[in-house]
Amino acid sequence: MVSPRVEEFLENLYLRETEGDRCSRVGDEDNGTTQREAENAGYVVTGPDGKAQLTEAGRALGQRVLRRCRLAERLLHDVLLVRKDRTQSNACAFEHVLQDGLDNRICTLLGHPRVCPHGHPIPEGECCKRAGLDPLNEVSALCDGRPNQTGVVAYLSTRDHREIQKLMALGILPGSDIRLIRLFPSYVFELGHTQFTVDRSLAEKIIVHWRDREDDSSS
Amino acid sequence: MRHGPLVSGASLGVARESRAMPAIRRVLIVGNPNVGKSALFNRLTGRYATVSNYPGTTVEVARGRARLPGGVTAEVIDTPGLYSLLPITEEERVAADMLREQPAHVVLHVVDTKNLPRMLGLTLQLIEAQLPVVLVLNLYDEARELGIRVDVARLSERLGIPVVITVSTTGEGFPALLRTLASPVPISSLTVEYGTIIETAIRRIAERLGNGHHPLSARTRAALLLQGDEPERIRLARQRGEGDAADILHIVAETRARLNHSPHYYATLALRARVEEILGECFFTAPRAAQRWRRLADRLCMSPLTGFPIMAAILYFGLYGFVGRIGAGVVVDWLEDRVFEAHFIPWADYAVRRFTPALLHDLFVGEYGMLTLGLRYAVAIILPVVGAFFLMFAILEDSGYLPRLAMLADRAFKPLGLNGRAVIPMALGFGCDTMATLVTRTLETRRERILCTLLLALAIPCSAQLGVILALLSSHPGGLLLWVGVVASVFFAVGRLGAVLLPGDDPMFYMELPPLRWPLPGNVLVKTYTRMVWYFREILPMFLLASVLIWAGQITHVFALTLRAMTPALRLLGLPPESGVAFLFGFFRRDYGAAGLYDLQEKGLLTGNQLTVAAITLTLFLPCVAQLLVMHKERGWRMTAAISGVVLTTAFTVGWTVHQVLQWTGIFL
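Residue numbers (our numbering), protein chains in the order written: chain W, 50 to 268; chain F, 291 to 959.
Wrong hints could be hidden among the right ones.
The calculated lysine-lysine pairs, modelled on DSSO-like cross-linking and capped at a C-alpha distance of 30 Å, are [said to hold, decoys possible]:
1) Lys-923/F <-> Lys-704/F
2) Lys-704/F <-> Lys-215/W
3) Lys-893/F <-> Lys-215/W
4) Lys-133/W <-> Lys-215/W
5) Lys-133/W <-> Lys-100/W
Treat the hints as calculated values from the structure; they're not laboratory data.
Could you put the whole structure together from the sequences, leaning on the hints where they help?
Pasting the structure below:
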């Protein structure tokens, strides 16, 4: 296992390789020790100009670290409702904690997001490739579900006090069982034994963790 | 009995009895919309208030008396629907206020049994407020049908309050309910644990509030303040002065800053967790599907493929067929010809001429007399039409169809700055725009209420007007088509423009869809009757007043002058000066105007083109006096003046344009 410092070093190199210098974090606080540590682990080689270049393994690790970082940002922003300008500093600490496997689970929870809150791309993981084949068993907004799909409300993606209050007054809380009934002309879903209808602006704020596959007995 | 372990709570209850309680036993009914509160109220009191599936119809508060065992009489008050102690809508605010301002011996929390998990949170809130709560598991038959079972004794024990099972439509469980209402209700000591941060804040605020004389516990008031309840904050500032209030609000702000979500969010989650923990022991569900017909009917109503045809069929057969043909046709003809023309008018004419001075003859039995026109219109024309409409509307309301209509219509109303909820006042407007203007109250924001009021005043013809105009244009199919097209276009164009010009956010749409139920004939009839009585009481004086004004206007020649002043405007529309009468009287009653046109057509004074232009302008023209008065009451005179200005301008401009286009293209309708 490599130190957080090395992880960050590799992440920066990877970023510079793929996205150029626009990321402010690619400052070269490079000291020889980090580079040497990375080189010993086989993640970089030192080029003729003395600068570090990623090896295959280094590139893979750098990409994974970046993925964790941006997933962490999404998690902080979408679920924990941390303000966008604060997500990055928090995520920097987070990225070293999310060990392999955990990032995939967070990725699934969030519905395999493609970009971070700032709009930068999130590298794909194994789980995203699988999700492409089977769109179920993931998290997405109510408006992206399918009729007769059931699930559990994962969270409400809004900070608007009034919106939250309305949704909660109807009993739409994280943890509530929910069944989508129809998408058009308005969104209709069942909660317990009551049906509700909402428009798109509310439906896209109810984030649901969908169940695997609904045995469609009714139709 | 079943509330054994509550001795401490019960003693607390006795202490509270000494507060400013009314001498007579008072019972306050609270609960979500659609749980059968009104039906329960009716069965308790034997007096009728509107029973409805439509969330928000019970805006007005109903009161009645109930006879309890032991010869005790109780005052029963039905409050508007309440989802949580933290109100969002106007109705909820009313209900929450009543809990504070109407100290009750019993607070009857009525819930829909099958939805207990969603509704028990409010029970816990009421218990925490130290109110004398009795939980009523209503609609128990529907729950049974779904295979749900509740361990009532265990639930009562866990909550520390009496719990009763009822079916208000059949009366099941009512003897037990009456017994419970007659005996003292223990105050439960149950509390909900909201987590350290919120609990600390609640304790600090509650200490400052003190345990003074207040219907709600300090803990509850603290929790409400913490959750940003505006009414409670205003009350705090009023009762404690700005200084004390600022100190408490500082704690609120401090706590909010420490939490990622609002305190309300965490409080609701904690409440729900507690509900689940309690119900885990006493609420048992069996997976069993809803009745087949219900699911099928539901799908047919909501799927666009079948839903829109069903909507069209209901509008056609219900509005046109039943209200138009039977109400406005058969019944009106019979009342007019058989009752008024044949018997009442000759008799009244004879009596008035015989017993009053000549000056007053016209007032009573002249062309626009109080008896010949005012009373005859109110009784023979408006009442049957409106009655038929109310009957139709009550059936739709009680069947649970209206919210589904709202769901279908939401997308169509969005461009107009309204949402699906507006379909209710709009549909009602085809019956009576005056009543519909009152019902705009159920819309959520001021912006929606203004937009809806404007559209009602401008482009929704009421049933009386609709009846006459349909009869008028029936001989000119092209004119009828043009009339529908123009009025509908104006409706959407002005609505869209209003939505763009009026500042504010477009409304969100969310609504409960109560299960489709067979309407109970008794409920439908009594509801129709209550509304007809209400309508008649409101409207008859307006008619008589209109007759008097017309009479006075004619005697003083004010009308003649006004008519002369209108002639140039009418000429621009290509209408003969005689049609001015229709417009002038149209202001007193929309249908007076249309009826005036009818007379002109009978005399052969109008061509098809003129008739169409007149019908369009008249439909868009100023609403009747009654509607104007209600607009003033609901929106204030400034807004009423603004809306009237828009309506007048639009009506004239559109009428003129149609006239010009018809003339230019040389079309004859």
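Which numbered hints turn out to be false for this structure?
-> As far as the earlier hints go, 3, 5 are violated by this structure, in ascending order.
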